[in-house]
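One line per chain: the protein sequences are U and D, in this order. For the first sequence, position 97 (counting from the first letter as 1) is numbered 96 according to numbering that gives the first Met the number 0, and the numbering increases by one without interruption. For the second sequence, position 17 (counting from the first letter as 1) is numbered 16 according to numbering that gives the first Met the number 0, and the numbering increases by one without interruption.
In case anyone wonders, no lab produced these hints; they're calculated from the structure. Careful, some of the hints might be misleading.
Unchecked claim - For lysine-lysine, the following BS3-like pairs were computed, each having C-alpha atoms within a straight-line distance of at most 30 Å:
#, chain 1, residue 1, chain 2, residue 2
1, D, Lys128, D, Lys82
2, D, Lys82, D, Lys166
3, U, Lys173, U, Lys248
4, D, Lys24, U, Lys274
5, D, Lys94, U, Lys296
6, U, Lys145, U, Lys274
7, U, Lys274, D, Lys82
8, U, Lys43, U, Lys248
9, D, Lys128, D, Lys94
10, D, Lys24, U, Lys145
11, U, Lys145, U, Lys248
12, D, Lys128, D, Lys24
Said to hold, decoys possible - Chain U side only, calculated, beta carbon under 7 Å to chain D, not exhaustive:
#, residue
13, Tyr15
14, Ala72
15, Ser184
16, Ala185
17, Asp187
18, Leu197
19, Leu201
20, Gln225
Even for Gly, the Cβ is constructed at its ideal location relative to N, Cα and C.
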Amino acid sequence: MNERLLLEVRGLKKYYPVRGGLFNRRVGAFRAVDDVSFSVPRGKTLGLVGESGSGKTTIGKCAIRLIAPTGGAILFDGEDITHLNERDLRRRRRDMQMIYQSPAASLNGRMTVGEIIGEPLWLHERLRGAKRRDRVIELLRLVGLKPEHYYRFPHEFSGGQQQRIGIARALAVKPRLLVLDEPTSALDVSVQAQVLNLLHDLQQEFGLSYLFISHDLGVVRYLCDQVALLYLGKVVEVADVETIFTAPKHPYTQALISAIPEPDPEGGREQIILKGDLNLRAPKRGCPFAPRCHAAKLDRCEADAPPLREVERGHQVACHLYP
Amino acid sequence: MTRMSDLLRIENLHLEFRTFDGVAKVLAGVNLTMRRGDVLGLVGETGCGKSMTALAIPGLIPMPPGVITEGRILFEGENLLDKSRDEMQRFRARKLGMIFQDPTTNLSPVYTIREQLIDAVLYQRMDAKRVPGRWKGWLPSARQTRLDAERRAVELMALVGIPDGDKRIAEYPHQFSGGMRQRVLIAMALAGEPDLLIADEPTTALDVTIQAQILRLIASLVKQLGLSVLLITHNLGVVAQTCQRVAVMYAGRVIENAPVRELFRYPQHPYTQGLLRAVPTTRVRRGELEGIPGTIPNLVTPPSGCRFHPRCAHVMDVCRTVVPPGFIREADHVIYCHLYAETP
């Protein structure tokens, strides 16, 4: 057990049944998350990056047990929460909160802002009345909203403000870990910048740890300390953020980083254009990325899946090119 | 005034929506010019009117509630706003291609790609009334027409990089991936050999690796077919990598218009500068990203004068009352901001 780590996930698996045939029997399993291990250090941000269908949201939800994993272990602050019962889990959830992609959809349109942010205070601390209202107003100020927003409804706010409400609700119970599932992908850049800065300031102030799920590599580079890249439910590369962006090793990471359009017309960078697209029916054997890989093909790529290995200190890659 | 080389010229376009909350002044004097072979990026944030500008060109603004109160849209010198319904239909078929953000909702799930591509080819080639429908398939002449169109459809699929077009044409949209569906829509848009392709956020719904593929495809089509492209996006990176010119919009007006290198190297309008600073790139350090304070204005009661003035750090008295005209900084770099009034 490492004292530095707040969240540790080992060999996480989440399979969904594939049904078909007579009587809708279970005919197979879709491996949304397949043997994923990572950890979030205290007070730091781990970025989970991958394209749609790579399992990043599923991992985020499994990590705080919003959905039950099929296998693996989740350790929060040294405690195994994989098999906690509902009651203990609810107590534990105070420490881990989630912020969702679509701010409008994650707020109840029939509740006022005061009720939305106040609800977790009632559930976890049995706070009511003036005490609760004071706390809510304090939270509103903290995320850059005003006390007069207390009695308004979510639809009266812009997207960026709605996301701030979501953040205030998550912070109400003073969590230690926030799972941020694409928190800015629905926002415009000027508003995104404000929300990213808010998240950064909150982390500095309260020593929060973030599990930051995103497909936007620019945002990840800006906010994260470490990055784990996912491809089809598997981690293909883990390293600190500078290494990932300056010296990526896995061919998929290289392609993904080269594909980000830089806002600089003179940035004469060679783009790697991948063949085909993410096919959820990946080959059963071999490296899941092999069909799209642009690097030299080894015979082993098609035969067996490469394990995640440490190639340098703190830099893990799952690729046969780096034995 | 109109030069022969201008393919599209939008002059002082005003568009309003009559809503229950009042009249929303969605476009308030949009000016744009595109030459043949141009790839023009139209950028701006949600609600700035970039999609509405794009929809006004083919006449697809829902009216009511929309009303174009002022302005002209000149395509090869002809004002599109004077054309009748039938003329517009023909214009869209022959001269325009359009692709949209979400490739899923723009394809019918109940017809195969074959039916949808054949229809696209036929409606863009011949008069709408003379297109033989699917139900006329038993007529030998109709069958021949549709068979010819199918051959063309397979050609189009090859053009947009769908492998095995002759086999995949029999599949349904759900059997295609997002990137492939967008390619199908590009094929449809190209069926009438258009002069202008309007692409409204064509890669927003796609992953970055697929986005790179689609952008490369569009660039190669520009070279191969001599297309002009109006690319609407909120992603400044996409603009930097694909366009030659950029027009930045804010709250219903174009506020800066420049060649792409010029705009990214010397952004002049305070809004453009703010927008570029808000993008997280390699150079910004954590915690130092700058957003633009405030929010976009309500278009029912927009700010007077320059619509950006309540959020602008350099606001002057004149900004509150007078709509800034275009000031030319250098060849082809136009800024709609009073700060540049002195420069000749």
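Hints, verified against the model:
1. Lys128(D) with Lys82(D): holds, 19 Å
2. Lys82(D) with Lys166(D): Judged against 30 Å, a Cα distance of about 41 Å means the pair is violated.
3. Lys173(U) with Lys248(U): violated, 38 Å
4. Lys24(D) with Lys274(U): violated, 45 Å
5. Lys94(D) with Lys296(U): violated, 45 Å
6. Lys145(U) with Lys274(U): violated, 50 Å
7. Lys274(U) with Lys82(D): Given that 30 Å is the threshold and the Cα spacing comes to 44 Å, the pair is violated.
8. Lys43(U) with Lys248(U): holds, 23 Å
9. Lys128(D) with Lys94(D): Answer holds: Lys128(D) to Lys94(D) is near 19 Å, not above 30 Å.
10. Lys24(D) with Lys145(U): At roughly 29 Å apart (the allowed maximum being 30 Å), Lys145(U) and Lys24(D) satisfy the hint.
11. Lys145(U) with Lys248(U): It is violated: about 47 Å lies between the C-alpha atoms, which goes past 30 Å.
12. Lys128(D) with Lys24(D): violated, 37 Å
13. Tyr15: Interface hint status for Tyr15(U): violated (19 Å vs cutoff 7 Å).
14. Ala72: Since the shortest Cβ distance to chain D is 30 Å, the answer is violated.
15. Ser184: Constraint on Ser184(U) not satisfied, violated at 10 Å.
16. Ala185: violated, 10 Å
17. Asp187: OK, holds: Asp187(U) within 7 Å of chain D, min 4 Å.
18. Leu197: Violated. Min distance 10 Å.
19. Leu201: Because about 11 Å separates Leu201(U) from the closest Cβ in chain D, which is outside the 7 Å limit, the hint is violated.
20. Gln225: violated, 14 Å
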